[in-house]
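**Q** For reference, the chains in residue letters:
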Amino acid sequence: MLNFLTKNIFLFDPLSLFFLAVIFIVSLPSLIYSFNYLQGEYPAVKIMLAQVLLFAFVLSMALVVSVNNCLIFLIFWELMSLVSYFLVVFDTKNVKSIQAGLIYIVMTHIGTAFIIAAFMILHNHAHSFDFFAIKNACQLMPSQTKNIVFLLFLIGFGTKAGIVPLHIWLPYAHPQAPSHISSIMSGVMIKTAIYGIIRFVMFILGVNSSWWGTLVLILAIISCLVGVIYALMEHDIKRLLAYHSVENIGIILLGVGLSMFFISLNLSYLAVFSLIAGLYHLINHAIFKGLLFLCAGSVYKATGTRDIEKLGGLIKKMPQTAAYFLIGAMAISALPPLNGFVSEWLTLQAFFLGASNVIGGNKLFLGLCAAMLALTSGLAAACFVKAFGITFLARPRSHYAESAKEVALSMRIGMLILAILIIIFGLAAALVIKLLAKVSGSALGIDISSMSFSLNNFTLSPQIAKSTYLSTPVLALWLIVFGIIGFVIYRIFGRGKSVIYKTWDCGYYKLDSRNEYTATAFSKPFRVAFSFFLLPYRKTQKIRESFYHIKSFSYETHTTKVFKKYIYDPVLVMVFKTAKSMRRIQPGSIHLYLGYIFITLLLLIIFMGQF
Amino acid sequence: MQGIILFVLLASTYLMVIAKRTPALIRSFRYQSLCLFGVTFILALTQREPRLYIIAGLLFVLKVSLIPYLLYRIIRRIRVSEDLGLFINPQLSLLWALAFTYLSWIFATYLVSANNAILIGTLAIAFFVVSAGMFLMVFRMTALAQIIGLLVMENGLFLLASTVSGGMPFFVEIAIFFDVFVSVLIMGFFVYRINKLFTHIDVNKLLRLKG
Amino acid sequence: MMIILQIILFIASAPLLSGLITKIKNNLRMRKGQSVLQPYYNLAKLFSKDEVISETASWIFRVTPFVVLSSVLVAAMLIPVFIFVSPAHKIGDFLVLVFIFALGRFFLALSALDTASSFGGMGASREMFISSLVEPALCLVILAVSLQFGSTDISAFSGVHTITVSSVVAALALLLITLAETSRIPVDNQETHLELTMVHEAMVLEYSGRSLALIEVASYIKQLIFFFLIAQIIFPIGLLSGNLTQIIFWFLWYLVRLGIIAIIVALVEVSVAKMRLFRVADFLGFAFVLGIVATVCAILGV
Amino acid sequence: MTIFIILGIPLLLGIGSLFVRKERLFGIINCLGYFAVLCASIILFKEAVFAGHIAAFFNFIYLDLLSVVFIVVIAVVAFAAALYSIAYIRKDVQLKIISVRKAGFYYLLFNLFCFSMLLVPVVNNLGMLWVAIEMTTLISAFFVGFYNSKESVEAAWKYIIICSVGIIFALLGTILFSYAFSISGLSKSLNWSDMVPVAHMLDKNILKIAFIFILIGYGTKAGLAPMHTWLPDAHSQAVAPISALLSGVLLKTAVYAILRFGIIIIKSGEFAYFSHLMILFGAISLVISSSFILVQKDLKRLLAYSSIEHIGIISIGFGLGSPLAIAGAILHVFNHAVTKSLMFFGAGNIVSVYKKHNMNAIRGVIKVLPFTGIMVLLGCFVLTGFPPFSIFISEIMIITAAFTNGSYFIAVLLLLSLAVIFGAFIYHFGKILFGNLPKGAISQKESFSGKLVFLFLLFLICGLGIVLIFKYKDLLWLAQRLLQG
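Residue numbers (the working numbering), protein chains in the order written: chain C, 1 to 611; chain Y, 1 to 211; chain B, 1 to 302; chain R, 1 to 485.
By construction, these hints were calculated from the structure, which means they are not laboratory data.
Backbone N, C-alpha and C define an ideal beta-carbon position, used for all residues, glycine too.
Keep in mind that a hint or two might mislead.
Sample of chain R residues facing chain Y (criterion: CB under 10 Å; computed from the structure) [said to hold, decoys possible]:
| no. | residue |
| --- | --- |
| 1 | Ser182 |
| 2 | Lys188 |
| 3 | Leu190 |
Derived coverage of chain R by chain Y (criterion: at least 3 residues anywhere in the stretch with Cβ under 8 Å from a Cβ of chain Y; other residues may be distant) [stated by the list, open to error]:
| no. | segment |
| --- | --- |
| 4 | 120 to 129 |
| 5 | 147 to 157 |
| 6 | 167 to 175 |
| 7 | 232 to 243 |
Using the sequences plus the hints, can you model the full thing?
**A** Laid out in structure tokens, this is it:
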């Protein structure tokens, strides 16, 4: 069991290398960012500690994706959780952090329990923890066992990835860590769970029934929608981003699940293509979510609050941060020609190609999934209009935002690197895809030498589709050209001059920040439209001076956290109730205790034959 | 002869089960120990082994004289009510005791092959004494009753040991005697303390530590 | 060359369509109505006027008109209007079109928030709400169409000469989507500035002068693109390259098709009432269901 | 002869404690003495590994691998406790909680306690085994009642009575074993080394019944549910270093006793019986302790229940019986002893600062006692089986063995209750370690010897995990031979 040290414990196949790349792409800018970010937030010793933990965190993630033994994987997996727990509770004064850390570590530990169970079952069959030994043994594994192992892995890794309804920890834990850590957690750490699913389910276990893919797709779609709808309701900017991680994990899993689906139907080209889409979105999400968290951290550092209702007008105070946030927001909203657009297009295209290649009801199923993905991206765009608009545009809504200043250099550099990467990954899609094809081919064990995914270095084109193309560089070029043309028209044909004046106020004499649209107001249509799921409720409180005169009036609107209220809370209550009632067996009476011994003895003697 | 002594032993155990006051309990315990001494002494006479004489002597010194004396002393010193504090009244206790006797007999027959009636009887009595001791510990409230219950169980074990396997190895036997004596001393010490701190020795009222 | 011609023609004819619809609407209401060319006059007037920019606005506000315009123009480039295969079809397909519109909309909504006016916020919120609900229906329409034509490439629609149930239903769904996307009754109303009802107009409320003109042009073109797509789905014919007379013929045919759709839209506009915002969800839900029906029909091959 | 050093030093120290009047000086001497015991025990371990088994003193002393493993565990924890006692007792004396005389008394009892525990794995005679274990109860009862408060006396009473009852059943079981031995017509003896070779000839029926008594009896002492009831009371009221000894090794000596008899049962061909009973009690302990841990409010009781949980795991491990499981269980004995000591020492420091056991009153430990706080945080993760620490390794071995044996139910139960306990631990310790300080709490200085003991234990926790990876085969070999006598 532990005799692995005699062998090489590392595995650097394309899949591992890809994930290593993702880890370092996000970690490096975060590290740069952290220099100035931590300064002044914490005492020097704690900063040292933070950097050590950061290092340990990145190292453990890197090791998670590059070992070839389940047991070592497990050790580093838990180490990663442990270090990230310390980072979540880094702000030890804050009770919220402690709670978030608790929820996080408990959920992730429960997930690990499932993973352990899966490993153990695999070990039973393979008598080894080595990946390749297990892979070989899996070919002879009965499909019933495979199904169980798959479900265990899905729950185990799903907890870490934050798929609904196991996402409960994510919106608590990610916002509480220091921002550069949030960016790594959200950008990279939850991706290790995707690595787990790809590595263990697709690479080692091998997909053998089509319902696996279907299940993953359904869960992914639910994650997408739930994540984005909750994000729309959220006013804490980091928590909003955390919910978007749930959504984007859903999108990534759409690619992965689609790939599983196609493998079971023996559509190898589409399987590779979908996995490419998933992996592409994975790296994209890592980059733009990393960037967005860093920007959110900058905003927090500059203003001292994460509540976007208190922000506003930051684009003038912090122009660079605003620009980076805008790029990130555009990328996550899948706007061309940035990277999020490419991967979402690929995912949608995978659905469409799948729909035209499968038969019967599956077509409609894939179509509906695609439609839900489209809905998700629409809602995500709305959410980021809200996030960017309320945070950065218009007037400052409180003193927090009024006194903001642009953040220090190293923070800006960190953000800049990621912003540039967003553009690069958007424009160089064809090149990226060639690399990803190798990764996904090797992960699926499919020969990709005869497959092509792009026309040339600028244009994507799935081989099996009839003349379907996407060329982001050209698109970007034309966007710029037409933009310039528009500008020229504006200059040449427009004769009038520009006047800067107050916003139209309907004759109301003084428009101030209290007249601005708030984030709550912005999300109201969505709250109403999705009220069947969000279950909003209002709290109104009137403070009266007398019966006729109301001195002040407060009004709050909340949404019900459905999963927490109807799944987790009842379970917790039940567990605690059971535990409490169990506690009654020990009321302090020594006679009773002696009685227990006696009764146990009698019972054992009576039922001795049973043992 | 042995049969009579065993019967007396059984009777004294029944007396303990129905006892309502501590002195009565100690007295019955003394009878029981005396019977035990008788059994051992007869065994020593028949087997002519010097170690059995020593054990019988120790039994007499410790269980018949010293320990009951100590217990009486405790009663005198702490001056609390002599009531044992019954969870179950004597009548019902007697019923329980009868049930235990029956169960012990069944258990003894299960353990030993059927042709050895004396052995079965002795075993049954031994098991019954153990269970009676347990009964006292569970259903009597005071700390002293629990000490005595423990001693009764120990007596039962002694009977068991001397019947089924002809007693333990000698030095083990001595060690056990020593151990029992020390434990009575220590328990007595704690009874004093309980009395001092709580002004009673009803251990069913020691309910500070829960769950 | 053709593509530039196409774009110029597109830009040139886009306001006309709007004028036409208004004219038809007015006539249906038994009014004389404004001239068909009124949108052109409006644009000319706007270009010659001064522009007022809000003092709270940032560069987002200034840059938005160009982004909106350029996104719509790129979209216009992608579709083959008079030529069999758009030379630009390698840039992207039908899906890209959706995302490009999203780009313009994103900036427009941001600029609406930028002015710190509550109208802008309201418009942005409603616009994003409606557009996000449009997406799934649109996606299904694209799926239904692509299942028939075998590709999501817009140029692939051309050359198919049969009208199927699926394409009719898809076109119907697209029509509903178009009503929502081009801010027409029953979803929105272009003709009113009542804060309870306006969506698109609330967003662009702070724009004036030439910026407004650019945004107006963009929305005309967007409308034209949608109409054209409907026409393309329901009458999937008429995209033949050839000699000049043929091109002229097809150009006329193109105008006729657009005219038919314009009449339908005008009829819808005069015959239904504006919906409350929250009923739009039902309306677009209907479009979504139509999309499902279209997909099912396409799967069944009818 | 090493064994005489091991047994002799505590006795000498015990005598010494009657004469030395300076508690600090004696504390240091005491600690050095136990360091010697530790060294000797390691030497003994080596000897035993090479020799297989050692018998001495007219067969009175019989050592095989199983015994030396337990001796090492006892020596390690005893050394740690001795080290910790220096500062702890000194502080109590300084604060006038106890007198210097009482400190001497403490050391006397400490040494007697250690002596009696060391005696348990050494003796060959099963009757003497019983006597030694009963001795541990009697001596440690004084530790439980050491502070002479109402709670502590109550706890001491419950401890002494329940354990005595339990142990009487164990004696009954022992007698039945000897009965089984005597009716088989072989020579009369209670020596374990005489019994094992003829185990297969003994009456299985009587053995089975006897084992029930043994299991109930020593199980009471080991803290197996539902006979565990004395344990949280006693552990929470005992002096902190002694809590560590109680939890860390006293329970294990009872497990050792069960194993001694268990080996006879296994040799008589009733492995399944042994296995089922052990797993049954282990499972009950796990379930009960996990629910108690979840709703616990008292810091030291929490740790006590965690001991019940770990005893349950150990018992499951031995019950599973495959070499892997036994290796895991034996490792777990060591790991739990070390980790639990660390936690109890930490809890002792915390309680001595806050003067309260109630966890609702303890907040912000990491500010007040930074060193202890960090150690307790780490210990908390170790104790709940978080990799890469040692307990994780032993637990994963047991879980693997459970899966390999096909005991899926047990494996799932283990995973589930471990997860619950983990959650509960993080919940409780997260609250007490972090959070806002209660008013008036200031950072406290921690003594050098106090820190040293934490580092020593942490070294063992971390070091062992790494060493074992290299020595894994040896461990399996050891485990295979462990239950062979």
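**Q** All hints are to be evaluated individually against the structure, with a verdict given for each.
**A** Going through the hints against the structure:
Interface restraint check: serine 182 of chain R against chain Y, minimum CB-CB distance 5 Å, threshold 10 Å, status holds. A distance limit of 10 Å between C-beta atoms decides the matter here; for lysine 188 of chain R the minimum to chain Y is near 7 Å, and the interface restraint holds. Look at leucine 190 of chain R: its Cβ gets to within about 5 Å of chain Y, closer than 10 Å, so that hint holds up. Residues of the segment 120 to 129 of chain R with a Cβ under 8 Å from some Cβ of chain Y number 3, which satisfies the need for three, so the listed coverage holds.
Figure legend: the segment 147 to 157 of chain R, annotated as covered by chain Y; annotation consistent (9 residues with Cβ-Cβ distances under 8 Å, at least 3 required). Residues of the segment 167 to 175 of chain R with a Cβ under 8 Å from some Cβ of chain Y number 4, which satisfies the need for three, so the listed coverage holds. As drawn, the segment 232 to 243 of chain R meets chain Y at 4 residues by the rule of a beta-carbon pair under 8 Å; at three or more, the given contact holds.
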